[in-house]
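Undergrad: Sequence:
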Amino acid sequence: MAAGITITFSFHRCRGPITSEEGVVESVKKAFERSGVTVVGELHITPFPDGTINVTADLAESHSGLGTYSASRFVRGDVSMCFETTDNTELARKLVRCLEGCFNPGEVDLNEERWQSR
Numbered sequence: 309m310a311a312g313i314t315i316t317f318s319f320h321r322c323r324g325p326i327t328s329e330e331g332v333v334e335s336v337k338k339a340f341e342r343s344g345v346t347v348v349g350e351l352h353i354t355p356f357p358d359g360t361i362n363v364t365a366d367l368a369e370s371h372s373g374l375g376t377y378s379a380s381r382f383v384r385g386d387v388s389m390c391f392e393t394t395d396n397t398e399l400a401r402k403l404v405r406c407l408e409g410c411f412n413p414g415e416v417d418l419n420e421e422r423w424q425s426r
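Take any residue in the sequence shown, count from 1 to its spot, add 308: that is its number in this note's numbering.
To be clear, the hints were calculated from the coordinates, so they are not data collected in a lab. Be aware that a few hints might be false.
[Said to hold, decoys possible] Cut-off 20 angstroms, straight-line C-alpha distance, at most; resulting in silico cross-link-like pairs (EDC-like, lysine to aspartate or glutamate):
#1 K337 x E408
#2 K402 x E420
#3 K338 x D366
#4 K402 x E415
#5 K402 x E341
#6 K402 x D358
#7 K338 x D386
#8 K338 x E408
#9 K338 x E350
#10 K402 x E421
#11 K337 x D386
#12 K337 x D366
#13 K402 x D417
#14 K402 x E392
[To be verified] Computed beta-carbon distance windows for the label pairs:
#15 P357 x T393: 40 to 50 angstroms
#16 D358 x Q424: 31 to 41 angstroms
#17 P357 x T397: 15 to 25 angstroms
#18 E420 x R321: 30 to 40 angstroms
#19 G359 x S318: 16 to 26 angstroms
#20 S318 x H371: 16 to 26 angstroms
For every residue, glycine included, the Cβ atom is placed at its ideal position computed from N, Cα and C.
Produce the entire structure from the sequences given, and follow the hints as far as they go.
TA: Below you can see the structure in the form of structure tokens.
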């Protein structure tokens, strides 16, 4: 039976980089590295004309994705971790904390949902 956790996050009024011009790509890459997750391949970065980005990551532990919104200094995303061989709850939380450190939000909304197949 498969099981895991998904953490969704919203970072409001971010003071950290949101656009490519502000250095968001390098900052996000460093957050993934600091967290200790195992990125399989490369982070997939989709840039948009206004400098905002979407990031998706295939992780050995599962996956993560986020999008930045420059006009409102907002970031929305999720981290999903499987529990195939170990409980990855703390690793998922650490990735979210590292991303929070990257974006430096004024307010954070988090939701944790444990899941399992039937």
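Undergrad: It remains to establish, for every hint, whether it holds in the given structure.
TA: So, going through the hints one by one against the coordinates:
1. K337 x E408: holds (13 angstroms)
2. K402 x E420: Holds. K402 to E420 sits at ~13 angstroms (cutoff 20 angstroms).
3. K338 x D366: holds (16 angstroms)
4. K402 x E415: Since the Cα atoms of K402 and E415 sit roughly 18 angstroms apart, the hinted pair holds (cutoff 20 angstroms).
5. K402 x E341: holds (11 angstroms)
6. K402 x D358: violated (29 angstroms)
7. K338 x D386: holds (17 angstroms)
8. K338 x E408: Distance of about 12 angstroms is within 20 angstroms: holds.
9. K338 x E350: holds (13 angstroms)
10. K402 x E421: Holds - the C-alpha atoms of E421 and K402 are around 16 angstroms apart, at most 20 angstroms.
11. K337 x D386: Holds - the C-alpha atoms of D386 and K337 are around 16 angstroms apart, at most 20 angstroms.
12. K337 x D366: holds (13 angstroms)
13. K402 x D417: Distance of about 15 angstroms is within 20 angstroms: holds.
14. K402 x E392: Given pair K402, E392 holds - Cα atoms ~19 angstroms apart, limit 20 angstroms.
15. P357 x T393: 40 to 50 angstroms: Since the Cβ atoms of P357 and T393 sit about 42 angstroms apart, the hinted range of 40 to 50 angstroms holds.
16. D358 x Q424: 31 to 41 angstroms: Holds, since D358 and Q424 (Cβ atoms, about 39 angstroms apart) stay within the stated range.
17. P357 x T397: 15 to 25 angstroms: Given a distance of about 38 angstroms, which is not inside 15 to 25 angstroms, the answer is violated.
18. E420 x R321: 30 to 40 angstroms: This hint is violated: roughly 22 angstroms between Cβ atoms.
19. G359 x S318: 16 to 26 angstroms: holds (20 angstroms)
20. S318 x H371: 16 to 26 angstroms: holds (18 angstroms)
In the structure shown, a violation is registered for the earlier hints numbered 6, 17 and 18, in ascending order.
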